[in-house]
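Residue numbers (this note's numbering), protein chains in the order written: chain X, 292 to 642; chain D, 292 to 642; chain V, 5 to 324; chain L, 5 to 324.
No lab work stands behind these hints: they were computed from the structure. Incorrect hints may appear among the rest.
[Stated by the list, open to error] Using 30 Å as the maximum straight-line C-alpha spacing, the simulated DSS-like pairs for lysine-lysine come out as follows:
1. X:580 with X:595
2. X:637 with L:128
3. D:443 with D:532
4. D:493 with V:19
5. D:637 with L:285
6. V:302 with V:185
7. V:19 with X:442
8. V:302 with D:637
9. V:323 with L:19
10. L:199 with L:185
11. X:607 with X:375
12. L:19 with D:443
13. L:37 with D:442
14. L:285 with V:285
15. V:37 with V:128
16. D:585 with D:600
17. X:375 with X:329
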Amino acid sequence: MPERIIESFNVKRIDILNEKGDADESLLPTLSDEEIKKLYELLVLSRVFDQRALNLQREGRLGAYASILGQEASQIGSAYALEKNDWVFPSFREMGVYITMGYPVHMLFQYWSGDERGMEVPYDVNAFPVCVPVGTQIPHAVGAAMAAKYKKDKIAIACYFGDGGTSKGDFHEGLNIAGIFSLPAVFICQNNHWAISVPVEKQTASRTLAQKAFSYGFEGIQVDGNDVFAVYKATKEALAKAKRGGGPTFIECVTYRMGDHTTADDSRRYRPKEEINIWKSKDPILRLKLFMEKKGLWTEQYQKETDEKTRLSVDKAVKEAEAVTHPNAKDMFAYAYENPTLRQLKQLNDF
Amino acid sequence: MPERIIESFNVKRIDILNEKGDADESLLPTLSDEEIKKLYELLVLSRVFDQRALNLQREGRLGAYASILGQEASQIGSAYALEKNDWVFPSFREMGVYITMGYPVHMLFQYWSGDERGMEVPYDVNAFPVCVPVGTQIPHAVGAAMAAKYKKDKIAIACYFGDGGTSKGDFHEGLNIAGIFSLPAVFICQNNHWAISVPVEKQTASRTLAQKAFSYGFEGIQVDGNDVFAVYKATKEALAKAKRGGGPTFIECVTYRMGDHTTADDSRRYRPKEEINIWKSKDPILRLKLFMEKKGLWTEQYQKETDEKTRLSVDKAVKEAEAVTHPNAKDMFAYAYENPTLRQLKQLNDF
Amino acid sequence: MPIMNMVQAINLALKQEMQRDDNVVILGEDVGKDGGVFRITEGLYEQFGHERIIDTPLAESGIVGTAIGMAVYGLKPVAEIQFMGFIYPAIDQIYSHAARIRSRSRGRFTCPLVIRTPYGAGIKAPELHSESSEAIFCHMTGIKVIVPSSPYNAKGLLISAIRDPDPVIFLESTRLYRLIKEEVPENEYTIPIGKANIVQDGEKVTVIAWGSMVYKCLQALEGLDAEIIDLLTLNPFDIETVIQSAKKTGRVVIVHEAPKTGGFGAELAATIAEDAILYLKAPLIRVTGYDAVVPFPKLEDYYIPSANRIRNAVEEVLKY
Amino acid sequence: MPIMNMVQAINLALKQEMQRDDNVVILGEDVGKDGGVFRITEGLYEQFGHERIIDTPLAESGIVGTAIGMAVYGLKPVAEIQFMGFIYPAIDQIYSHAARIRSRSRGRFTCPLVIRTPYGAGIKAPELHSESSEAIFCHMTGIKVIVPSSPYNAKGLLISAIRDPDPVIFLESTRLYRLIKEEVPENEYTIPIGKANIVQDGEKVTVIAWGSMVYKCLQALEGLDAEIIDLLTLNPFDIETVIQSAKKTGRVVIVHEAPKTGGFGAELAATIAEDAILYLKAPLIRVTGYDAVVPFPKLEDYYIPSANRIRNAVEEVLKY
Ligand SMILES: Cc1ncc(C[n+]2csc(CCOP(=O)(O)OP(=O)(O)O)c2C)c(N)n1
Ligand SMILES: Cc1ncc(C[n+]2csc(CCOP(=O)(O)OP(=O)(O)O)c2C)c(N)n1
Ligand SMILES: [Mg+2]
Ligand SMILES: [Mg+2]
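One chain only, chain X, in its complex shape:
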């Protein structure tokens, strides 16, 4: 009975679409031309939304905003794999996910303008509101998955968080519970390399984030997070596995936060410009465009139409968002409990 190996693990990595727009046909997910175009248009819409939000913030028409620039493939690729009845528990940087799920874009602008009403999630969107405390949404996703399993609903729960989120106790407690009860949950980690000014190498000493899943008895895989096909494929398979009763999966999408952490941040204080330039060439939208061009799915004309269509819809959303009346201050008492307390009613009167 000497020293011996009693367990072994391998972390798998999937890349499909490279920067030149060439795809590994053997891995390419089955997507119709229409679906590929839809993906492309969602990527474009998300980026235009993001750009507009940044502009509005600069003009003082929005509050602090967290840009998704560079992470579009991770968000759209994963969200596009969801089925209508699946549920999503996002963090605060998932605008591309909300948009893909059909969340009214004007409500997203409204939310970032500092108006609660933007998070009154429409009943036909199975998403939870933005979660500000990092990582704390993870146990909620796990609980929803437990409830869905109990109710025998044939759905899966997708939970989003960042590299920084993996350091939180709630990440650990949540994923451990998901593993124990083999819950229909898919944990989608956008490793965008930064948690404000903390690089992922200082966030954890583990070389991949995917390997953290092995602590919980389920698989973790890494994908190129700027490769919309790899993200889509990995998520699609994980969701199917979850619904088959195969338990949870952890997907690390390796991507990059191209912008500042939020508009309140100045990333020049802590990260080198070169790093950003390296990632520019890995742009998720550019490579899909090149792929589509080779497939004959992309033309100048198509781009012009897409840009135009997108601009119009975003313009419309901004108008709608800014057309809403100022929220009623008394509403702050309306949603604390189902029925306001005596003291709240008194405070309401003194208002």
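Following the hints, put chains D, V and L with the ligands in place on chain X, whose structure we already have.
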């Protein structure tokens, strides 16, 4: 760029001394006959202490007590590997560790009798008081390791916890920080198979607890926790590695809680008797006795002397513990702050 | 009517709610086969199975966070935290989420969740097994806090809590669990949340308490012309009953086990000083645990407010 | 004397204490190169290096728990929690350990730790960036709570906090960070913990506030014969100054930003009602944030106590 493996891990397991008392000479740590005897006597002392504590509790002379029966090798084997200047952060079930470190035995009885004064750790014992909230001592150990590293103290920190402790957020946050800063810490997990009524299989879906260390970028190994040599060797090497600047190590000692969780628990409610019988044959003291007998280090005479010596010292400790005056109620104000607040002084007067 | 102690009454309430509504599930440490360390869930695992009586890993934030996810998905989870001293790691989930999900989503999502936990000193338990930190949760808008004082009101209030659409923290006095037995109706019944109970009528002084302190007060003040209010719900508390009684007697003593500074007694005193000050004849006295860490078993009896201290305080205000 | 805002004064206090004592280290999220999201630690990383200005992973319980371990080992850590809304996951470490290590070990171990965190609404920040939950920490025996109100007292109190042998929670108003500039001595100095400051003398009414509310009160009550007490330390608070003033004026208004129910104003009112009731001529009024979740930026100004509400309350009590 297809699917590929980007990381691999192996969980190592060490066994040295088997149930028949045969040891793998190639792995046997270098211990003099005197040291082996010392280990044996500490194992016996811990067990006698434990038995006495259980009796005293039954007689109403102690409060609820958490037995260490069956875990002696994990505790004594690891603590015996410590050097005088190393620091220990225990949970609440480490009586064998305290005893090995030379903690006054009568103070341990005093503590379990519900008297704070039992945890006024003597200055020559580098141990932290008992930690009741499971897992919360782990960040303290990490902080002490960070401080020791900062002060360039050439020491290591040992932190003890159970299988249940690995489910806590503080376990995750603490070990992650230890990994990032490559701290001189050794995490000793006594997997005694139970967290009160929850078996380790329901505590986590990971097949070993050792593998959880890979999430934090450092090694986790598993040892036979009823094999005092394996535990000693693994701890000794981990402490040396820590002092060399090699960073933390996680050691899973696979052992078994032979008794109830505490005297307030009745484990017949939730676990089968057979399980206990299986582990009886793996008893850590018995196998060392057999080993020593073969080596000519154990004789009936030696056992008699050891039992006698142990009984006397434990009797003495009980007497000392029960001879102390009742604590002064006013002391509850004495240690809240360095200087009591005005309100505390007023409350002290009304006393 | 059957005679029950609080453990049996709570167990019955859980059982009946689970029979009545499949969405009610229980989760926590050792709630399954073991029936919980205080045997509150005894027999439920056998009756309802592992899908509804869920033994969790040792992770309080995870327990509450998971329960929140279950609640927003449509279940009615009853989470057990083994002792109040171990609820602290779950405060983030309670404060940041359970209390805010309704307002964050403007009512789109609600969190019908009950968190049960044993509280209080006096059973010779180890450190952190004697906490009485109810005040912390009474400062959280969006949370309700209930502290029953008898088998009868424990059953009725727990059923109300489970049916309540908002998150409720339900604090059970370890000392009371088996201390009092009384008649408890077999059938299910509710007791309104937010209503106090006058357990002794009186004219000269108002004494306000909750949980195990109610009994201390009844013992201490037998025969005195003191009105004893059992608050039952701390958040939102029954302002009207408290103010009415304070105006009537003009003398108020507030009793709780938690340390004085920042305890919930402060809120009661402040409310009275704001709404009834002109009626007060004497200082508003708080008889509480001391500003100290709850001591270990050997000293805990010196820490918990005694019948003596309560009586002295009442006699003190009666001098005015 | 140089003119500084609170950010500069706090930065200087940290710098001088680190120069003075090698055992002082800073840890938290983004405190390094970034200098903290409010730039409080700007320049310190460059001056003291990564061993003393420690960027941690995103783990508040880990930050505080690690700081506790450092403190018991002999360092004097200053932990930064990025916003008060993110201190909740660390409450277990603060309450179960920082506050109790001294008593648990009968003084064998102490925990000289400072936890700095920005608090309060009014800077149009996202959800959970506007918390004012000081009351929770004032109920924890073993913890001290300080809330400076100006660059001058921020510097002196922070130096006192760092040198204090017990754990201190140091709350910095985000609204005040850059609002006020005043003369701050270059050299190091301390301000005693536990002493309040009378920032405006008056005879007719006592107004008690802390942090940013002190300025609201000064604005609101200019010209009125009101004594304004800046509490500065909430736990332990300056009972004598509060009681003396209450006895002198017989009228008290308490102002804080946190929700009313269970806020620290309740403790102040209760203390006054206990020790000075016979001197009171009017109800003890609390002007506070509402019993509601702090609303999003578009409504936060309606939530924070306004000069108007403060003035009305004072005029109200002056009617008596
Ligand atoms: C519990 C908690 N601590 C701190 C913060 C402040 N904060 C907001 S985002 C952020 C970094 C998050 O990094 P990551 O998880 O990688 O997500 P990313 O911002 O990269 O999308 C921090 C520290 C927070 N929101 N919640
Ligand atoms: C945070 C916390 N939750 C719950 C408890 C109650 N409790 C005490 S020990 C224990 C089980 C611990 O199991 P494990 O970590 O395996 O240690 P063991 O008891 O087996 O030594 C529990 C649930 C506690 N002390 N702390
Ligand atoms: Mg990130
Ligand atoms: Mg165990």
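To see whether the hints hold, each was checked on the structure:
1. X:580 with X:595: Roughly 13 Å separates the two Cα atoms, so the pair holds.
2. X:637 with L:128: holds, 27 Å
3. D:443 with D:532: Judged against 30 Å, a Cα distance of about 15 Å means the pair holds.
4. D:493 with V:19: It holds: about 24 Å lies between the C-alpha atoms, which stays within 30 Å.
5. D:637 with L:285: holds, 26 Å
6. V:302 with V:185: Holds, because 27 Å separates the two Cα atoms, which is no more than 30 Å.
7. V:19 with X:442: holds, 20 Å
8. V:302 with D:637: Within the cut-off at roughly 23 Å; holds.
9. V:323 with L:19: The given pair, whose Cα atoms are some 57 Å apart, is violated under the 30 Å limit.
10. L:199 with L:185: holds, 23 Å
11. X:607 with X:375: holds, 25 Å
12. L:19 with D:443: holds, 22 Å
13. L:37 with D:442: holds, 23 Å
14. L:285 with V:285: holds, 13 Å
15. V:37 with V:128: Given pair residue 37 (chain V), residue 128 (chain V) holds - Cα atoms ~25 Å apart, limit 30 Å.
16. D:585 with D:600: holds, 23 Å
17. X:375 with X:329: Given that 30 Å is the threshold and the Cα spacing comes to 16 Å, the pair holds.
The structure fails to meet hint 9 from the earlier list, while all remaining hints are met.
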